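So the chains spell out like this:
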Amino acid sequence: MRDIFQDLFNKVFGFFRQAEKEENAKDTAVNRLRVVLMQDRTNLTPELLEKMRGELIELLSKYVEMDKDALELNFEQEGNQMALMLSIPVLRAKDEDEIETENSEDSDEAEEKPEEENLDAENSESTEDTESSAEDTQDEESETKESNTNSKDKSK
Amino acid sequence: MSGRVIVITSGKGGVGKTTTSANIGTALARAGKKVVLIDTDLGLRNLDLLLGLENRIVYTIVDVVEERCKLKQALVKDKKNPNLCLLAAAQTRDKSAITQEQLKDICEELKKDYDFILVDCPAGIEQGFQNAIAGASEAIVVTTPEMSAVRDADRIIGLLEAKEEIQSYKLLLNRVRPNLIKSNDMMSVEDVVEILSADLVGIIPEDTGIITSTNKGDPIVNDDSSLAGKAYNNVARRIMGEDVPFMNLEEDRGVISKVKKFFSGLIGKEK
Ligand SMILES: Nc1ncnc2c1ncn2[C@@H]1O[C@H](COP(=O)(O)OP(=O)(O)OP(=O)(O)O)[C@@H](O)[C@H]1O
Ligand SMILES: [Mg+2]
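Order-wise, the sequence lines are chains L and W. First residue of the first sequence: 10, per the numbering used here; consecutive thereafter. First residue of the second sequence: -2, per the numbering used here; consecutive thereafter.
These are computed hints drawn from the structure, not numbers from a lab. Keep in mind the model is a prediction, meaning the values are calculated, not measured. Be aware that a few hints might be false.
Claimed, not checked - Capping the alpha-carbon separation at 25 Å, the derived lysine-lysine pairs in BS3-like fashion look like this:
1) 101/W to 35/L
2) 35/L to 167/W
3) 101/W to 167/W
4) 35/L to 179/W
5) 108/W to 167/W
Working from the sequences, and respecting the hints, build out all of it.
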């Protein structure tokens, strides 16, 4: 007899726990809508997002070794604001030498194409600044907030 | 007199633009205002059916722009309410039969004699929509609490904001189902208002009475006992500048609120 009640209790309790965990239909709708409207409003197409993703991978690989396939660039909601969230699974940060060689490889190329010299100079400068922060994020997912977009407030 | 031209629009089809036009128009006329309803859904006219005027239409808006009749001749008087009349759409022509400029001219002329000119807009954002908003300075954006309808409403709001002539727009939320909202299965009124960040002019409940009233050709605002009818009447009053509180549709529904009522009733009696 007790067992039956115990069993029933567990089932009922388990049901409620499960219901709690799952996002309800209304919240799902609200969150999906927020994301899709942000894309509609900013005209940021999936193609553009994909291009951004590619360029970010290229830039960041100079400094960190990461799981490129798992890199995510998505719209997410943060309180009342929409944020473009970049999540990078970092395997390890590259050490100074690696970064140096990669940058000097770059500047070799730059010698052949002098018009790119300026850009590369800027890049090697920023290397030092970024170095320490790259180490901080070693072996953890670093989340970078790329931009914040206020939802429009034009209602009249 | 210089009347107000209000376009009823939505983006997504079938969310209740025509129902809303017929009901707000009728409610305004019942309040003593002189009202013209313009059906701009060329090829898919419906407003005549909702008003029960389908047998009285001789001339349409296309006849007016093609000068086969005078504007006044094309206005069909409502059966019940002499303050209300309809300028019907042509059923056999497509959207290109009228231009924005022509619709603007018609609205300008009607403004002289009427308090309100309500323009029922076709679905979509193409020429039919552009025509419908051409003569308007106000808009009512109809949506339901469904994702696709809200998304399309957002698109429409963007287009209305870009249009200088539109001085204000308001949101009308149709087919609201309080029991679904309560169980968190449907977005709430607050959710939709927040997402679209627009002012609300009305909340209309889902109501099977709307189907029967459509079948009879008699707008539901004429039925004083109907909840949707009351809600549409409130919209009309808000349009006329009255400050009418929004009905609480969740009241009197569901077991819990009934139980609460029962208990509060008991407590009340004890006093
Ligand atoms: N509040 C409501 N409760 C129940 N049914 C409704 C409600 N509002 C509208 N309807 C029904 O929804 C259907 C579509 O309504 P309506 O024709 O007014 O939409 P519409 O936006 O004008 O459509 P279209 O885009 O095709 O012009 C109709 O069958 C109508 O009876
Ligand atoms: Mg319609």
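So, going through the hints one by one against the coordinates:
1. Only pairs whose Cα atoms come within 25 Å are accepted, and residue 101/W paired with residue 35/L is rejected, the gap being roughly 41 Å.
2. Only pairs whose Cα atoms come within 25 Å are accepted, and residue 35/L paired with residue 167/W is accepted, the gap being roughly 23 Å.
3. Under the criterion of a C-alpha separation no larger than 25 Å, the hint pairing residue 101/W with residue 167/W is consistent with the structure, at around 21 Å.
4. This hinted pair checks out: residue 35/L and residue 179/W have alpha carbons roughly 10 Å apart, not beyond 25 Å.
5. Our distance criterion of 25 Å between C-alpha atoms is met by residue 108/W and residue 167/W, whose separation comes to about 21 Å.
Of the numbered hints listed earlier, the single one contradicted by the structure is hint 1.
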